[in-house]
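**Student:** For the record, the sequence lines run as chains G and W. Mapping to my numbering: the first sequence position 63 is 63, numbers consecutive. Mapping to my numbering: the second sequence position 66 is 66, numbers consecutive.
Simulated from the structure, these hints should not be mistaken for laboratory data. All of these numbers come straight from a predicted model, not from anything done at the bench. No residue lacks a Cβ here, since even glycine has one placed at the ideal position from N, Cα and C. Any given hint could turn out to be false.
Stated by the list, open to error - With beta-carbon atoms standing in for the labels, derived distance ranges: (1) Glu171/W x Gly168/G: 30 to 40 Å; (2) Pro69/G x Gly217/W: 28 to 38 Å; (3) Arg80/G x Gln8/W: 27 to 37 Å; (4) Ala133/W x Leu274/G: 28 to 38 Å; (5) Leu77/G x Ser24/W: 35 to 45 Å; (6) Gly168/G x Ala133/W: 11 to 21 Å.
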Amino acid sequence: MTWTNAVIQGVFLGGFYALLACGLSLMFGLMRIVNLAHGDIAVLGAYLITVVLDHWGVSPFIGFVAVLPIMLALGYLLQRVILERSLRSGVLVPLLTTFGLAIVIQNLLLEKFSPDVRSLGGDAGWITTASWQITNQVSIPAIGALALVVAIATLGGLQLYLSRTPSGRRMRATAQDPDTAELVGIDSRSVYAWGTAIAVGTAALAGMFLAMRSTFDPYAGSTQLIFAFEAVVIGGLGSLWGTLVGGIVLGVSQTIGAQIDPQYSVLAGDLVFLAVLASPRGGIFRARLAS
Amino acid sequence: MSSLLSVQGLEARHGLLPAVRGVSFEVTDGETVALVGANGAGKTTLLRTIAGAHKSAAGQIRFDGDDITRVRAHDRLRRGIALVPEGRRLFPDLTVEENLLVAARPDRKGQWTLDTVLEAFPLLKPLRGRRAATLSGGEQQATAIGRALISNPRLLLLDEVSLGLAPIAVEAVYRSLTTLIEGGTTIVLVEQDLKRATSVASRVICMLEGRLVLEGGSELTREQITEAYFGLRKAPT
Numbered sequence: 001m002t003w004t005n006a007v008i009q010g011v012f013l014g015g016f017y018a019l020l021a022c023g024l025s026l027m028f029g030l031m032r033i034v035n036l037a038h039g040d041i042a043v044l045g046a047y048l049i050t051v052v053l054d055h056w057g058v059s060p061f062i063g064f065v066a067v068l069p070i071m072l073a074l075g076y077l078l079q080r081v082i083l084e085r086s087l088r089s090g091v092l093v094p095l096l097t098t099f100g101l102a103i104v105i106q107n108l109l110l111e112k113f114s115p116d117v118r119s120l121g122g123d124a125g126w127i128t129t130a131s132w133q134i135t136n137q138v139s140i141p142a143i144g145a146l147a148l149v150v151a152i153a154t155l156g157g158l159q160l161y162l163s164r165t166p167s168g169r170r171m172r173a174t175a176q177d178p179d180t181a182e183l184v185g186i187d188s189r190s191v192y193a194w195g196t197a198i199a200v201g202t203a204a205l206a207g208m209f210l211a212m213r214s215t216f217d218p219y220a221g222s223t224q225l226i227f228a229f230e231a232v233v234i235g236g237l238g239s240l241w242g243t244l245v246g247g248i249v250l251g252v253s254q255t256i257g258a259q260i261d262p263q264y265s266v267l268a269g270d271l272v273f274l275a276v277l278a279s280p281r282g283g284i285f286r287a288r289l290a291s
Numbered sequence: 001m002s003s004l005l006s007v008q009g010l011e012a013r014h015g016l017l018p019a020v021r022g023v024s025f026e027v028t029d030g031e032t033v034a035l036v037g038a039n040g041a042g043k044t045t046l047l048r049t050i051a052g053a054h055k056s057a058a059g060q061i062r063f064d065g066d067d068i069t070r071v072r073a074h075d076r077l078r079r080g081i082a083l084v085p086e087g088r089r090l091f092p093d094l095t096v097e098e099n100l101l102v103a104a105r106p107d108r109k110g111q112w113t114l115d116t117v118l119e120a121f122p123l124l125k126p127l128r129g130r131r132a133a134t135l136s137g138g139e140q141q142a143t144a145i146g147r148a149l150i151s152n153p154r155l156l157l158l159d160e161v162s163l164g165l166a167p168i169a170v171e172a173v174y175r176s177l178t179t180l181i182e183g184g185t186t187i188v189l190v191e192q193d194l195k196r197a198t199s200v201a202s203r204v205i206c207m208l209e210g211r212l213v214l215e216g217g218s219e220l221t222r223e224q225i226t227e228a229y230f231g232l233r234k235a236p237t
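Please work from the sequences and hints to get the whole structure.
**Tutor:** Here it is in structure tokens:
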């Protein structure tokens, strides 16, 4: 793999990370919650898609469409039943709550689906193996390109929703000042619940891509959470477009690290994350969901 | 005239510290009531408790005959209670227009729309695309009042609308208030400036250390209000 190809592969890998991180970014921007169960929710989405595929033998994309309403409802209920109570108890309680939720999801998946490694690569057809050869040493993977396009469409759609629709406006107002939002007639609890529903829906979308481009098991969520968290921090906490840039920076760092030595792949991403975390700016983008 | 707002034995605390102690009063439809008192008298807490932004510890709040003591703030606005909070509390990263539209309630019909608010506050017209954080104090206050009006409230609660404003901005804000009062909007106004408060209000309520110490209409003299304001008049037992 040449350096140019490493950067190109990194950009496409970054698209997947951005998709994985956008729900995490949305929840942090809206409620200042770091959802430690986000990776496991993505894996849960992947497993639910496998259930649909096992029963009806459809493609993962149709499986995702079937699973999306369930995940949206799950997100809404998660906020209303669990996170809403923990939010009232300070900033640390939601962290502990989502940490506990992550363990519960992992163990439920283990109980239901066994520790066997699964993948949807075979069910997705040609797209998981196809690539466009640009030169002898540079190629574009179809699944990577699709993940990047879906990530841009998802983040762009979310940005349009937040800036152009009345409910998006209410979400931004609540993100800035929930107490005043209540005073102007906004039900902040309902806004939080819809925000969590959207975040869980995007996590399921990322889960589908995770399942198509690699293997997964009940414990795969923890690693995905770390990558998502790194993408969010590199891009700037709570900034949607920053999440895309953060994901791409992380992806490129990992593929360049792997180009030097395959062992350095994850380490290179972690070093970039630590460098951004230690910098006074604290993220490439400073804008938040609120703006 | 029917009672629009009825507050009975209301108590509110900041932690363990009582801020409002057994306050009772009524506001009739179309009335303008000035709530006066020194710093720490409990005026802002009382107003925030009526709006639902602060929890009451005891007592009852009735609005248009309904008990709203346990109703959440956003639902109180839907019923017609709007608060212009102390310090304006605009959404700083939203534009002026977005700050106004975010409070608009299509389910509450009335004269106030985006266009009529901009007509009432012409200084906001050229600023509608500007972020609220970049506005001057007077422009922010006009936006805050407009944001409360666009929900077409039946009861408008105004907390220290002149605080921190240049005299010329205070004049403009009070001119717009006079228009609102003449239009029949029911208003409860918290104000430190006794002269201004009494100039627009039809009734004055004076608070001291969380208690209501004086209540009356035009029969009250400036001396009586000043005595109550500074605690020279004993609270009714």
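**Student:** Against this structure, judge whether each hint is valid.
**Tutor:** Consistency of the hints with the structure:
1. The given range of 30 to 40 Å is respected by Glu171/W and Gly168/G, whose C-beta atoms sit roughly 37 Å from each other.
2. At roughly 60 Å, the beta carbons of Pro69/G and Gly217/W sit outside the given window of 28 to 38 Å.
3. Checking the proposed 27 to 37 Å range against Arg80/G and Gln8/W shows it holds: the Cβ atoms sit about 33 Å from each other.
4. Checked against the hint of 28 to 38 Å, the C-beta distance between Ala133/W and Leu274/G comes to roughly 32 Å, which is consistent with it.
5. Evaluation of the 35 to 45 Å hint for Leu77/G and Ser24/W yields a pass: the beta carbon distance comes to about 42 Å.
6. In this structure the supplied range 11 to 21 Å holds for Gly168/G paired with Ala133/W, their Cβ-Cβ distance being about 19 Å.
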